[in-house]
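**Q** Residues per chain are reported as follows:
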Amino acid sequence: MEKKTIKVLLAKVGLDHQNKEIRLLARGLRDQGGMEVIYTGLYGTLEEIVQTAVQDKVHFVGLSVHNGSHRELFPRLKELLAAQKASHILVFGGGMIPEQHRQELKASGAVDEIFEPGTPVSKIIAWLNNNNLNL
Amino acid sequence: MKELGKKVLAGDIRAASRLIRNLEDQIPNTHIAMQEIFNNTGNAHVIGITGAPGAGKSTLTDEFIYAFRQKDKSVGVLAVDPTSPFTGGALLGDRIRMLRHAEDKKVFVRSLATRCSMGGLSKAVGEGIHVMDALGKEKIIVETCGVGQQEVEIINHAHTVIVVLVPGMGDEIQALKAGLMEVADIFVINKADRDGAGKLYKETLNMVHMSKGAAADNSWNIPVLLVESVLEPHKFAESVDAIREKVEEHYQYLVDNNLLVERMRRKTAAEINEALWGAILQPVLNNLEKDGEIEKMVEQVLKKEIDPYTLADQIASKYVK
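Sequences listed follow chains A and B, in order. Per my numbering, the first sequence runs over residues 1 to 135. Per my numbering, the second sequence runs over residues 1001 to 1321.
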């Protein structure tokens, strides 16, 4: 019997070490969502994240940004995924990102969804379940 | 789907990662791709790294990748972490230690969750090794999830098994027990700068000598190696390179003494078993699950209307002639 499990890569990149939230989310996706979560730790690069996403064949990449570089990171992440022919991997974000930037990033397609601080884990799980195309 | 195996043989990373996911998810007809690659497997040297949780397996694996890359070997890694028996979820954290190799084209790292299979490995490991092998990886490192005394499934897959020990896990009686301590081709005592490392080293050596006494003269001398000071990268790299040399030596020993084929025999028997299971039992289970029969059976047995053995007999008589 097929046992499809949603695989999610959670990442922080660059000089940004506020990781309490992303670790909480990892735990939540594992325990409440029954998902397989790959957390790549701190200080990685986008290139490393994308290679990991391809090799581990994840369905989603979640990027948490607390250092203000969200407007550079998200578009670049999408670019790198496309370069690896992995545009089917959906990108979601979180962290300290102003409302206006959230709207802009979503509108430009640089990210598929951005969750604001304080979003309950259940809402993120619901979004992942609803958007899993399983490609 | 049909071409997946051929793409893997051509070195396509994306095809390989898709194939491994299909294996994990047990997608029907994945065996077609496996049929395509099977004859091109059996060339790689498979190294197993096992030990208790937190013994330092991932950190050692990371350094191993580096050591092998210094010798220009291509490396595949299958890193296994546990699945929650309650929720089916898993946190795959081995990657954190290996991120520095992510961009190296000759390194392929794959995290696998156990998905509740026993023995400290995922069911997809055996086939995952074939995929990496077909991809042309020369050294394949399989890192088990943290294991206890009895999770020795790794011996069915690896040619060289490294057991990682750390000080402070119990007295010398532990070293005499069966299971994990028997499967090592190489012992590594990690965190050897900690209290109790000397004692552990002596006890392990003792145990190795005792088993050597009972074995044939030309049998492999199981080395016990110390690793310390992760905080001093050069020293750490040196001690891991010393292990790498022993690993190569062990492989040569297996080849010279015609023992490699013996190791493969174990795996092949297990593989036929698995394939039979997939071809015979799995379709039956699928049918039962599809019709919701399984739940009905559980209810019946719970109410003691029937026992599991009679039930199994009934099903068997329906399918097996």
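Think of the hints as simulated: they come from the structure by calculation, not from any bench. Every residue gets a Cβ at the ideal spot worked out from N, C-alpha and C, and that includes glycine. Honestly, I wouldn't trust all of these hints.
Label-pair distances were calculated between CB atoms; the ranges are [claimed, not checked]:
hint, chain 1, residue 1, chain 2, residue 2, range
1, B, R1100, A, K4, 27 to 33 Å
2, A, N132, B, V1255, 44 to 50 Å
3, A, N132, B, G1168, 29 to 35 Å
4, B, K1199, A, N129, 38 to 44 Å
Pairs of lysine-lysine, DSS-like flavour, derived with a Cα cap of 27 Å [stated by the list, open to error]:
hint, chain 1, residue 1, chain 2, residue 2
5, B, K1106, B, K1318
6, B, K1296, A, K4
7, A, K3, B, K1235
8, B, K1290, B, K1071
9, B, K1202, A, K3
10, A, K3, B, K1007
11, A, K4, B, K1303
12, B, K1106, A, K3
13, A, K3, A, K20
14, A, K85, B, K1296
15, B, K1267, A, K85
16, B, K1071, B, K1202
17, B, K1267, B, K1235
18, B, K1304, B, K1106
19, A, K85, A, K20
20, B, K1290, B, K1267
21, B, K1296, B, K1073
22, B, K1106, B, K1071
23, B, K1304, A, K3
24, B, K1071, A, K85
25, A, K85, B, K1007
26, A, K4, B, K1071
27, A, K4, A, K123
28, A, K3, A, K106
29, A, K4, B, K1246
30, B, K1235, B, K1246
31, B, K1202, B, K1267
32, B, K1071, A, K3
33, B, K1106, B, K1267
Not the full set, but computed from the structure, chain B residues with beta-carbon under 7 Å of chain A [to be verified]:
hint, residue
34, K1006
35, A1010
36, R1021
37, I1096
38, S1111
39, A1113
**Q** For every hint, state whether the structure bears it out.
**A** Hint check results:
{"no.": "1", "hint": "R1100(B) - K4(A): 27 to 33 Å", "result": "holds, 31 Å"}
{"no.": "2", "hint": "N132(A) - V1255(B): 44 to 50 Å", "result": "holds, 46 Å"}
{"no.": "3", "hint": "N132(A) - G1168(B): 29 to 35 Å", "result": "violated, 43 Å"}
{"no.": "4", "hint": "K1199(B) - N129(A): 38 to 44 Å", "result": "violated, 52 Å"}
{"no.": "5", "hint": "K1106(B) - K1318(B)", "result": "violated, 50 Å"}
{"no.": "6", "hint": "K1296(B) - K4(A)", "result": "holds, 24 Å"}
{"no.": "7", "hint": "K3(A) - K1235(B)", "result": "violated, 44 Å"}
{"no.": "8", "hint": "K1290(B) - K1071(B)", "result": "violated, 51 Å"}
{"no.": "9", "hint": "K1202(B) - K3(A)", "result": "violated, 46 Å"}
{"no.": "10", "hint": "K3(A) - K1007(B)", "result": "holds, 24 Å"}
{"no.": "11", "hint": "K4(A) - K1303(B)", "result": "violated, 32 Å"}
{"no.": "12", "hint": "K1106(B) - K3(A)", "result": "violated, 30 Å"}
{"no.": "13", "hint": "K3(A) - K20(A)", "result": "violated, 31 Å"}
{"no.": "14", "hint": "K85(A) - K1296(B)", "result": "violated, 46 Å"}
{"no.": "15", "hint": "K1267(B) - K85(A)", "result": "violated, 35 Å"}
{"no.": "16", "hint": "K1071(B) - K1202(B)", "result": "violated, 32 Å"}
{"no.": "17", "hint": "K1267(B) - K1235(B)", "result": "violated, 36 Å"}
{"no.": "18", "hint": "K1304(B) - K1106(B)", "result": "violated, 57 Å"}
{"no.": "19", "hint": "K85(A) - K20(A)", "result": "violated, 32 Å"}
{"no.": "20", "hint": "K1290(B) - K1267(B)", "result": "violated, 32 Å"}
{"no.": "21", "hint": "K1296(B) - K1073(B)", "result": "violated, 54 Å"}
{"no.": "22", "hint": "K1106(B) - K1071(B)", "result": "holds, 12 Å"}
{"no.": "23", "hint": "K1304(B) - K3(A)", "result": "violated, 30 Å"}
{"no.": "24", "hint": "K1071(B) - K85(A)", "result": "violated, 31 Å"}
{"no.": "25", "hint": "K85(A) - K1007(B)", "result": "holds, 15 Å"}
{"no.": "26", "hint": "K4(A) - K1071(B)", "result": "violated, 38 Å"}
{"no.": "27", "hint": "K4(A) - K123(A)", "result": "holds, 21 Å"}
{"no.": "28", "hint": "K3(A) - K106(A)", "result": "violated, 32 Å"}
{"no.": "29", "hint": "K4(A) - K1246(B)", "result": "violated, 40 Å"}
{"no.": "30", "hint": "K1235(B) - K1246(B)", "result": "holds, 17 Å"}
{"no.": "31", "hint": "K1202(B) - K1267(B)", "result": "violated, 33 Å"}
{"no.": "32", "hint": "K1071(B) - K3(A)", "result": "violated, 39 Å"}
{"no.": "33", "hint": "K1106(B) - K1267(B)", "result": "holds, 26 Å"}
{"no.": "34", "hint": "K1006", "result": "violated, 18 Å"}
{"no.": "35", "hint": "A1010", "result": "violated, 15 Å"}
{"no.": "36", "hint": "R1021", "result": "holds, 4 Å"}
{"no.": "37", "hint": "I1096", "result": "holds, 4 Å"}
{"no.": "38", "hint": "S1111", "result": "holds, 6 Å"}
{"no.": "39", "hint": "A1113", "result": "holds, 5 Å"}
Hints 3, 4, 5, 7, 8, 9, 11, 12, 13, 14, 15, 16, 17, 18, 19, 20, 21, 23, 24, 26, 28, 29, 31, 32, 34, 35, counting from the list given before, are not met by this structure.
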